[in-house]
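2 protein chains.
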Amino acid sequence: MLEKIQSPADLKAMSQNDLEQVVVEARQALLEKTSHHGGHNGPNFGVVEMTVALHYVFNSPIDKFIFDVSHQSYVHKMLTGRAQAFLDPKHYDDVSGYTNPKESDHDLFTVGHTSTSLSLASGVAKARDLKDEHSNVVAVIGDGSLSGGLAYEGLNQIATTGTNTIVIVNDNEQSIAANPKGGIYTALRRLRESDGQASDNIFKALGFDYYYLDKGNDLAALIALFQEVKDSDHPVLLHIHTQKGHGVSFMETNREAFHAGGPFDPQTGYYLKGSNEPSYNSVTGDFLLEKIKKDPRVIAVNAGTPMVLFNQEQRKEAGQQFVDVGIAEEEAATMSTGLAKNGAKPVWYVSSTFMQRTYDQWSHDIALNNQPVTVLVHAASVNAMNDESHLGFFDIPFLSHIPNVVYLAPTNKEEHLAMLDWAIEQQEHPVAIRVPVGPLKEIGQADETDYSILNKNQVTQAGSQVAIFGLGNSYGLAEEVTRVLQEQHGIKATLVNPKFITGLDKELLDSLSANHQLVVTLEDGLLEGGYGQTIASYLGNSDLKVQNYGIDKHFHDRYDRQELMAQNGLSVDTIVNNVLLTLGK
Amino acid sequence: MLEKIQSPADLKAMSQNDLEQVVVEARQALLEKTSHHGGHNGPNFGVVEMTVALHYVFNSPIDKFIFDVSHQSYVHKMLTGRAQAFLDPKHYDDVSGYTNPKESDHDLFTVGHTSTSLSLASGVAKARDLKDEHSNVVAVIGDGSLSGGLAYEGLNQIATTGTNTIVIVNDNEQSIAANPKGGIYTALRRLRESDGQASDNIFKALGFDYYYLDKGNDLAALIALFQEVKDSDHPVLLHIHTQKGHGVSFMETNREAFHAGGPFDPQTGYYLKGSNEPSYNSVTGDFLLEKIKKDPRVIAVNAGTPMVLFNQEQRKEAGQQFVDVGIAEEEAATMSTGLAKNGAKPVWYVSSTFMQRTYDQWSHDIALNNQPVTVLVHAASVNAMNDESHLGFFDIPFLSHIPNVVYLAPTNKEEHLAMLDWAIEQQEHPVAIRVPVGPLKEIGQADETDYSILNKNQVTQAGSQVAIFGLGNSYGLAEEVTRVLQEQHGIKATLVNPKFITGLDKELLDSLSANHQLVVTLEDGLLEGGYGQTIASYLGNSDLKVQNYGIDKHFHDRYDRQELMAQNGLSVDTIVNNVLLTLGK
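For the record, the sequence lines run as chains A and B.
Residues 1 to 585 (this note's numbering) make up the first sequence, in order.
Residues 1 to 585 (this note's numbering) make up the second sequence, in order.
I should point out that these hints are in silico values taken from the structure, not numbers from a laboratory.
A hint or two may mislead.
Pairs involving identical chains hold if they fit within one copy or between any two copies, as the list cannot separate such chains.
[Claimed, not checked] Keeping only pairs whose Cα atoms sit at most 27 Å apart, straight-line, the calculated DSS-like set for lysine-lysine is:
1. Lys230 to Lys181
2. Lys181 to Lys316
3. Lys316 to Lys131
4. Lys131 to Lys291
Make the full structure from the sequences, and use the hints.
Written out as structure tokens, the structure reads:
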């Protein structure tokens with residue numbers, strides 16, 4: 001049945017029984033694909049019926065569907081000409097894991113961060129009104145995403161505009177991890193428990209025409225509800241209670257594990273590639289938990305992705321010294337400012353791509369107030385997530401030019417933990433640490449560096465002619481370049497581990513001109529606005545030449561990491577050749 | 001009476017009559033100071049009674065007051081040892097216009113942007129709990145600021161923590177301009193109109209213990225309310241209805257004009273320095289309004305500061321083609337993405353310092369989706385606002401390294417409007433324009449440049465030895481340097497108007513090495529991460545030397561603009577001398 005659906009028009013011609021069969025087949029295809037290929041599993045199993053009903057009742061792409069975060073759009077893709085990408089393993093990679101206008105006119109936006117759908121919808125609807133057109137604008141947002149402030153701003157604007165927009169709150173009682181207990185989650189729970197009848201309805205308060213559907217995995221009920229509100233002339237909010245992972249018992253019971261993940265056994269629900277090897281995340285989590293146990297003022301702050309550092313057991317151990325604010329990175333940042341000001345020692349851990357939501361919280365709250373907040377920046381590298389909506393390599397231009405911030409780039413476990421320890425215990429600066437990406441590297445020797453001496457680079461080999469600055473994750477590449485220059489070309493380069501991203505070791509740089517002709521900088525982040533360019537500028541009026549290596553300014557999508565690095569010159573051969581050219585060898 | 005108050009302890013010893021006298025004197029001092037000195041007038045007149053009552057009932061600084069945006073903290077300053085700065089004109093400049101921990105322990109944070117107070121409070125309260133201390137955390141937030149998503153995130157977290165935090169919603173029915181009509185403003189209005197009794201109470205929905213006080217300028221009623229909730233063991237929200245500009249008739253009636261402003265006649269309420277001279281803002285507003293009248297798809301989008309471009313009359317003329325989303329910059333940015341995607345032509349105008357709230361909306365929404373949103377960036381210069389919380393010179397590091405964005409730097413009126421016209425009518429790129437800062441410069445000749453040819457710099461004088469790149473507002477300085485080099489030193493420099501911030505004219509840069517030894521870049525923004533450093537990096541491996549001039553990385557506060565420029569080398573003498581040194585003259 002699914003194979004026959006080339007577009008939603010095919011769906012509209014179907015009987016109720018056929019539609020039910022589509023639901024069954026879609027769920028089967030989801031299980032096949034996600035168990036073999038990985039992806040966002042639970043979120044999609046919860047919205048199979050809803051998606052079929054949406055396409056049955058509404059008329060996409062004239063009616064506009066906007067999926068928040070869009071990791072729940074797999075069934076939508078199946079029903080809009082892309083079923084093959086879920087049915088045929090050879091075509092699994094034909095589609096991205098998110099809505100993507102390059103794939104289909106049914107996908108309006110490239111989306112991967114949460115809480116944007118309502119604001120996008122407010123614009124789409126307003127443009128429709130300006131053009132005097134008539135269609136439905138439908139935004140689907142999860143309960144987890146409702147914790148983001150932008151979702152609230154979007155609700156306000158939709159209510160203010162006052163024309164047709166249908167907001168669907170897909171309430172599966174779960175964010176990525178469990179939801180926090182208060183605020184909007186209290187409001188949603190009271191509504192669920194009262195079949196939508198609770199007093200103090202936040203959505204009615206904001207001006208929405210509110211409907212509650214408890215049976216959110218009941219196809220007929222969904223169709224009836226959508227038919228009732230279709231073509232409404234005012235904002236409507238449908239609060240629909242679904243079940244994350246619906247139809248797969250191990251997903252229904254283990255909702256955090258089955259938010260997303262790699263291949264798993266479709267019978268037992270065991271993930272195939274679990275690893276118990278220590279990683280940068282695990283050693284960081286262990287270290288932080290020890291700090292927490294020893295000092296009641298240390299507190300781990302997180303916005304919706306606690307599993308990055310703490311498993312559920314560790315979160316329990318941390319108790320009141322662990323806070324998950326929901327998917328609300330701005331709150332995590334600004335709350336941390338308040339924590340530090342009043343004498344706590346906050347450690348906020350955040351993925352680079354999601355930290356992007358907090359520029360002003362960094363600048364105006366943490367940095368302007370110069371509070372000793374410690375921030376662990378994860379997945380900040382071209383070697384981290386490679387979906388265009390989840391790139392992690394913009395962190396240095398983003399963060400490092402904000403005054404007062406000390407941003408550190410460790411190159412191994414010992415250095416990382418020494419930096420973290422220093423950051424937590426000092427009271428002078430906001431400190432961010434670019435948690436290394438890649439396999440854990442232990443050198444077996446404690447790092448005794450005094451990090452309160454800011455911007456002091458480590459010269460790990462003193463040489464001449466050329467100095468190689470290998471920042472953080474790129475230090476290994478710098479070592480390799482240094483080795484090849486020595487072994488194959490007899491050039492003993494100076495090798496530098498900068499450690500500090502946010503300031504230059506001017507004494508070192510000034511000293512280089514005595515016996516160097518060239519400075520090379522390597523970083524696994526954006527070239528433009530990055531670390532290396534600050535060195536190029538500082539040395540611009542000197543006799544030293546500078547070569548900066550980093551990633552070009554582009555939203556690269558699902559790229560091969562090694563290939564992209566090489567394209568940007570980040571390979572031993574290219575760097576060595578360029579060094580030799582400049583040195584005239 | 002006011003002069004005698006050295007600290008809140010003095011206030012606590014007073015009788016009710018004395019307190020009433022303090023209110024009268026505080027209001028008189030406000031009128032004297034703001035009418036002579038300028039500042040945020042209306043917001044402070046509205047909270048005189050509230051502030052006196054707060055300090056009478058609570059015990060600052062053990063109890064913690066956090067003022068949102070903090071431009072309503074003047075009376076708080078008077079009562080915490082800083083009365084002289086409001087009573088003695090010689091001391092008017094002793095205090096900043098915002099809370100400032102460097103002035104007093106009663107000021108917890110340096111704050112100038114809205115909607116942060118509740119998140120800060122959530123952290124301060126949580127730290128108190130971790131330390132097992134007992135005190136009240138009191139956050140004062142205006143109705144206008146409640147439109148910001150971070151305020152909502154803060155409400156959620158306060159409710160989740162569940163311990164003592166007292167949120168005061170200072171509802172004066174007005175943001176900077178009039179509030180939008182829907183969403184949270186509907187919710188507040190219904191509560192006001194029902195004396196707090198309306199059903200669907202958003203604050204109760206989020207889990208707050210809610211109190212309404214209609215007489216928000218009644219000192220006795222305020223004291224009674226604060227005494228009732230003091231030492232609460234759970235989150236409390238006090239919805240207090242005040243009057244902006246209370247006690248001054250022309251402020252009460254003209255609430256937009258009396259949000260803030262320069263000196264005015266305290267009798268008549270006429271601002272003394274009104275100018276009808278055309279400015280960059282006025283010509284931009286006029287131009288945009290013409291576009292709106294001619295094309296129903298053009299829409300002006302703004303977040304809470306509409307007066308920057310449109311006066312109230314112009315807003316009426318624009319009608320449905322003008323949207324003020326409230327103080328919610330993220331909504332403005334992401335809504336604009338939706339508008340453009342659905343065929344409208346959004347023009348979002350925003351101040352540089354407030355644009356800082358929208359990095360991810362720029363990156364993940366506008367730029368990743370590559371939508372033709374036009375953004376007018378105001379006050380982006382070291383020569384704009386000079387409070388440390390309102391600096392506008394971080395825009396280039398912030399914005400220019402995001403892929404797909406075209407950021408333009410006009411140098412005069414004709415160029416600016418030509419760029420704006422191109423930006424609105426093209427469909428290929430998100431385009432931001434760095435609206436010039438300073439007196440309007442007209443050259444009397446239309447700019448016919450085809451801006452669809454990206455990154456093409458304008459060489460206004462071809463010379464040799466040294467090339468001066470004067471970006472946007474710094475072009476005048478570049479002209480001056482060029483003139484002095486020619487007239488006093490016989491050096492005919494190459495003079496370049498780069499126009500494009502987001503990409504280099506590589507053809508031009510490559511050509512310079514033929515007969516130049518030095519490239520100089522001038523910008524009135526942050527040096528680090530700025531435009532010039534991209535040139536230094538590009539030319540790093542060439543024989544050309546590069547001198548970059550820009551502002552050092554620091555939160556400069558209430559600085560003298562010329563002085564700060566000069567300290568950073570941005571003066572004709574310094575640049576000319578450095579050029580001569582490098583050229584060996």
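Hints versus structure:
1. Lys230 to Lys181: For Lys230 and Lys181, only the inter-copy Cα distance (25 Å) is at most 27 Å; the intra-copy one is 33 Å.
2. Lys181 to Lys316: Answer is within; shortest intra-copy Cα gap is 15 Å, inter-copy 44 Å.
3. Lys316 to Lys131: Between copies only: 19 Å across chains, 54 Å inside a chain, cut-off 27 Å.
4. Lys131 to Lys291: Classified as between: cross-chain Cα gap 16 Å, same-chain 59 Å, threshold 27 Å.
The structure is consistent with each of the numbered hints, conforming to all of them.
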